[in-house]
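Visitor: Sequence:
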Amino acid sequence: MSPTTPLSSIPVLSSSVADNYEFKFVGEGAANFVFEVLVPPGDEHRSLFQEYLLRVPKAETKAHSYVELQEYWETVVRPLFDPEDLVQHQLIKLEGKQLVSRLNTVLDEEEHARRADFRGSRVAVAEYGMLVEDMRQKHANDLTLEFKPKWLAQSPNAPASATRCRNCAREALKQHTKPNHHHSHHPKSPQQQQKTILCPLNFLTCATSPPALTNILTHLSTLSPPISPPISPQTTPPSQYARLTHWLQTNTLLPRLRTAQLANDDAGPLGVDDADADAHEPSFQLALAMTLRDCACFVRIPADSTRPVEAKLADLDKKNWEAKLGYWRDMERRLVEGGYYEGKGVEGVKRGGRYISW
Numbered sequence: 001m002s003p004t005t006p007l008s009s010i011p012v013l014s015s016s017v018a019d020n021y022e023f024k025f026v027g028e029g030a031a032n033f034v035f036e037v038l039v040p041p042g043d044e045h046r047s048l049f050q051e052y053l054l055r056v057p058k059a060e061t062k063a064h065s066y067v068e069l070q071e072y073w074e075t076v077v078r079p080l081f082d083p084e085d086l087v088q089h090q091l092i093k094l095e096g097k098q099l100v101s102r103l104n105t106v107l108d109e110e111e112h113a114r115r116a117d118f119r120g121s122r123v124a125v126a127e128y129g130m131l132v133e134d135m136r137q138k139h140a141n142d143l144t145l146e147f148k149p150k151w152l153a154q155s156p157n158a159p160a161s162a163t164r165c166r167n168c169a170r171e172a173l174k175q176h177t178k179p180n181h182h183h184s185h186h187p188k189s190p191q192q193q194q195k196t197i198l199c200p201l202n203f204l205t206c207a208t209s210p211p212a213l214t215n216i217l218t219h220l221s222t223l224s225p226p227i228s229p230p231i232s233p234q235t236t237p238p239s240q241y242a243r244l245t246h247w248l249q250t251n252t253l254l255p256r257l258r259t260a261q262l263a264n265d266d267a268g269p270l271g272v273d274d275a276d277a278d279a280h281e282p283s284f285q286l287a288l289a290m291t292l293r294d295c296a297c298f299v300r301i302p303a304d305s306t307r308p309v310e311a312k313l314a315d316l317d318k319k320n321w322e323a324k325l326g327y328w329r330d331m332e333r334r335l336v337e338g339g340y341y342e343g344k345g346v347e348g349v350k351r352g353g354r355y356i357s358w
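Read in order, the letters of the sequence shown correspond to residues 1 to 358 in full-length UniProt numbering.
Be aware that one or more of the hints could be misleading.
Stated by the list, open to error - Dumping the calculated SDA-like pairs for lysine to any residue here, alpha-carbon to alpha-carbon at most 25 Å:
no., residue 1, residue 2
1, Lys324, Ala63
2, Lys93, Phe23
3, Lys148, Gln137
Honestly, the hints are just simulated from the structure, not real lab data.
Could you put the whole structure together from the sequences, leaning on the hints where they help?
Guide: Shown next as structure tokens:
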């Protein structure tokens with residue numbers, strides 16, 4: 001199937017055209033790289049790359065093709081939201097292996113600064129890349145942040161006696177299954193001490209709960225990579241701090257995301273049985289819900305108070321549910337059977353006849 005946007009209208013980036021372009025490494029995930037493209041004045045692509053970053057696939061991954069991802073975003077994800085709620089992206093045709101070589105040369109130069117578990121991965125030779133809306137600073141002193149809203153509603157598989165949301169239960173499991181977690185006496189680094197675990201339900205209650213708002217602001221100040229200077233009344237310009245807190249308490253984007261999560265999963269991973277897994281619709285809906293639970297939210301608060309706050313969702317790629325369903329089911333079983341939803345945390349940490357909770 002072809003995406004909604006006709007392939008014939010897709011812009012082209014060729015090796016010959018890009019000879020005079022400069023590429024800068026911006027970031028990476030498990031399956032993609034993101035580069036900034038600096039284009040000389042007067043070039044036909046200059047306006048395009050002033051507003052968009054170049055996303056390209058990593059080699060040796062099993063991700064969907066970019067044509068499939070774009071089609072999914074245009075036909076499945078985009079109708080759920082208003083245009084201003086989404087980081088916009090479009091396909092771009094890549095021509096010439098020399099272009100891939102240039103991008104890999106940039107990675108070679110940045111190898112020391114990359115995340116340890118990503119080092120060594122390189123750009124794939126692919127027919128298409130993506131142009132992704134740039135949500136970094138537009139002007140000096142703009143405040144920009146990125147966070148994952150995660151599960152904004154309880155898992156359908158959580159027991160009725162649950163005292164933790166799905167995300168908090170998952171974090172408890174992670175804490176309990178860390179090597180030597182309960183026996184380590186090594187002091188934590190300042191970064192480890194400062195890192196906070198946020199209950200995502202705080203995003204929905206912070207309008208009426210001062211503690212929830214404080215939790216969010218504390219969490220946002222400890223994100224990685226860190227925001228500099230960190231978010232606080234002492235270090236953030238008063239107008240931007242006020243606008244951030246106002247957005248957190250009044251935005252309609254995160255409630256809309258929660259509604260979409262709920263609408264596409266009323267049974268949870270454990271509610272999709274083997275017969276359902278062979279059918280398209282139940283697994284398709286669950287995969288969409290999991291995409292919505294794993295997206296990122298970008299917020300940009302201009303230094304100029306006359307310009308509006310921008311908040312947009314990104315990383316809404318199609319999930320490979322055939323490969324992921326077993327993992328999703330196993331995770332829910334561990335959370336339920338291990339008592340993590342109920343605050344027991346029983347997996348290997350029962351001591352003295354009682355359960356140790358994190």
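Visitor: Take the hints in turn and mark each one as holding or not.
Guide: We went through each hint and held it up to the structure:
1. Lys324 to Ala63: 12 Å, holds
2. Lys93 to Phe23: 17 Å, holds
3. Lys148 to Gln137: 19 Å, holds
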